[in-house]
Amino acid sequence: MWAHISRFILRYKLFLLIFLLFATIFMANKAMQVQYSYEFLPLLPEDDPIYIEYQEFLGHFGQEGNVMVVGFQCDSLYQLENYNAFYDLYGQLKEIEGVEQVVSILQARNMKKNEALKSFEFKPVTSQRYETQKEVDAVAKELASLPFYRKLFYNDKNKTH
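Residue numbers are given in this note's numbering: position 126 of the sequence shown equals residue 751, and the series is strictly consecutive.
Don't read these hints as lab results, they were simulated from the structure.
Mixed in with the good hints there might be a few duds.
As the list claims (entries may be wrong) - Within a straight-line C-alpha distance of at most 30 Å, the following computed DSSO-like cross-link-like pairs (lysine-lysine) qualify:
| # | residue 1 | residue 2 |
| --- | --- | --- |
| 1 | K719 | K766 |
| 2 | K738 | K766 |
| 3 | K748 | K784 |
| 4 | K737 | K782 |
| 5 | K748 | K738 |
| 6 | K743 | K638 |
| 7 | K784 | K743 |
| 8 | K782 | K743 |
| 9 | K737 | K759 |
| 10 | K759 | K719 |
| 11 | K655 | K638 |
| 12 | K737 | K776 |
| 13 | K748 | K759 |
| 14 | K743 | K719 |
| 15 | K766 | K743 |
| 16 | K638 | K719 |
| 17 | K776 | K766 |
| 18 | K737 | K748 |
| 19 | K784 | K766 |
| 20 | K655 | K719 |
| 21 | K759 | K776 |
| 22 | K759 | K782 |
| 23 | K759 | K738 |
| 24 | K782 | K766 |
| 25 | K782 | K719 |
| 26 | K766 | K737 |
| 27 | K784 | K759 |
| 28 | K782 | K748 |
| 29 | K776 | K738 |
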């Protein structure tokens with residue numbers, strides 16, 4: 626059997642070399658057309674509630690490979706001590722090297738009408754640590770009056786932020 630194979634190779638060496646050359650050129654051409662996909666294959670059926678919720682999340686926030694979303698559930702965020710701790714955490718996260726932006730309820734803005742300039746102004750709802758519970762309650766009340774941020778930064782139903 627090996628004698629037949631070696632005889633075939635020696636007899637048709639020019640044909641085999643040309644075939645090998647064309648096969649190499651063809652494969653090199655196809656290798657340049659390779660495209661990578663970084664999308665995950667969906668493991669859940671398209672009508673699964675978790676998959677639907679994930680697709681809504683992607684539609685709302687977009688698909689970015691280097692975004693980290695942190696949420697928490699807390700009934701007492703608007704107590705003075707917890708609010709100030711959250712404010713400090715927000716500041717610490719902004720200082721981490723490589724963090725470009727931190728999005729939080731602390732960045733909420735309230736649109737106010739300026740009659741004198743005939744325009745709108747965006748005033749921050751909060752911009753500091755507070756000394757009294759009354760100040761924090763005022764912030765909580767103002768945030769609750771802004772429906773734009775509901776379900777974007779917080780959810781009243783299950784107290785998530």
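Note to self: So if I understand the rule, the pair passes when the alpha-carbon distance is 30 Å or less; does K737 with K748 pass?
What the structure shows: With Cα atoms ~7 Å apart, K737 and K748 stay inside 30 Å; holds.
Note to self: Tell me if the straight-line CA distance from K759 to K738 falls inside 30 Å.
What the structure shows: holds (25 Å)
Note to self: Tell me if the straight-line CA distance from K737 to K759 falls inside 30 Å.
What the structure shows: holds (22 Å)
Next item on the list: Starting from K737, check that the Cα of K776 is at most 30 Å away, please.
Entry: holds (22 Å)
Note to self: Check whether the Cα positions of K782 and K748 lie no farther apart than 30 Å.
What the structure shows: holds (27 Å)
Checklist line | Hint consistency between K719 and K766 [alpha-carbon to alpha-carbon, up to 30 Å] | finding: Satisfied, since the Cα-Cα distance of roughly 26 Å is no more than 30 Å.
Checklist line | Hint consistency between K638 and K719 [alpha-carbon to alpha-carbon, up to 30 Å] | finding: With a Cα-Cα distance of about 68 Å, the restraint between K638 and K719 is violated, given a limit of 30 Å.
Notebook entry, point to check: Holds or violated: are the alpha carbons of K776 and K738 at most 30 Å from each other?
Noted result: holds (25 Å)
Check: Does the alpha-carbon distance linking K748 and K759 stay inside the 30 Å limit?
Finding: Within the cut-off at roughly 20 Å; holds.
Item checked: Pair hint outcome, K782 versus K743 [Cα-Cα no greater than 30 Å] -> violated (37 Å)
Check: Is it true that the CA of K759 sits at most 30 Å from the CA of K782?
Finding: holds (23 Å)
Margin query: Tell me if the straight-line CA distance from K776 to K766 falls inside 30 Å.
Written below: holds (16 Å)
Violated hints, listed in ascending order, are 6, 7, 8, 14, 16, 20; each of the other numbered hints is respected by the structure.
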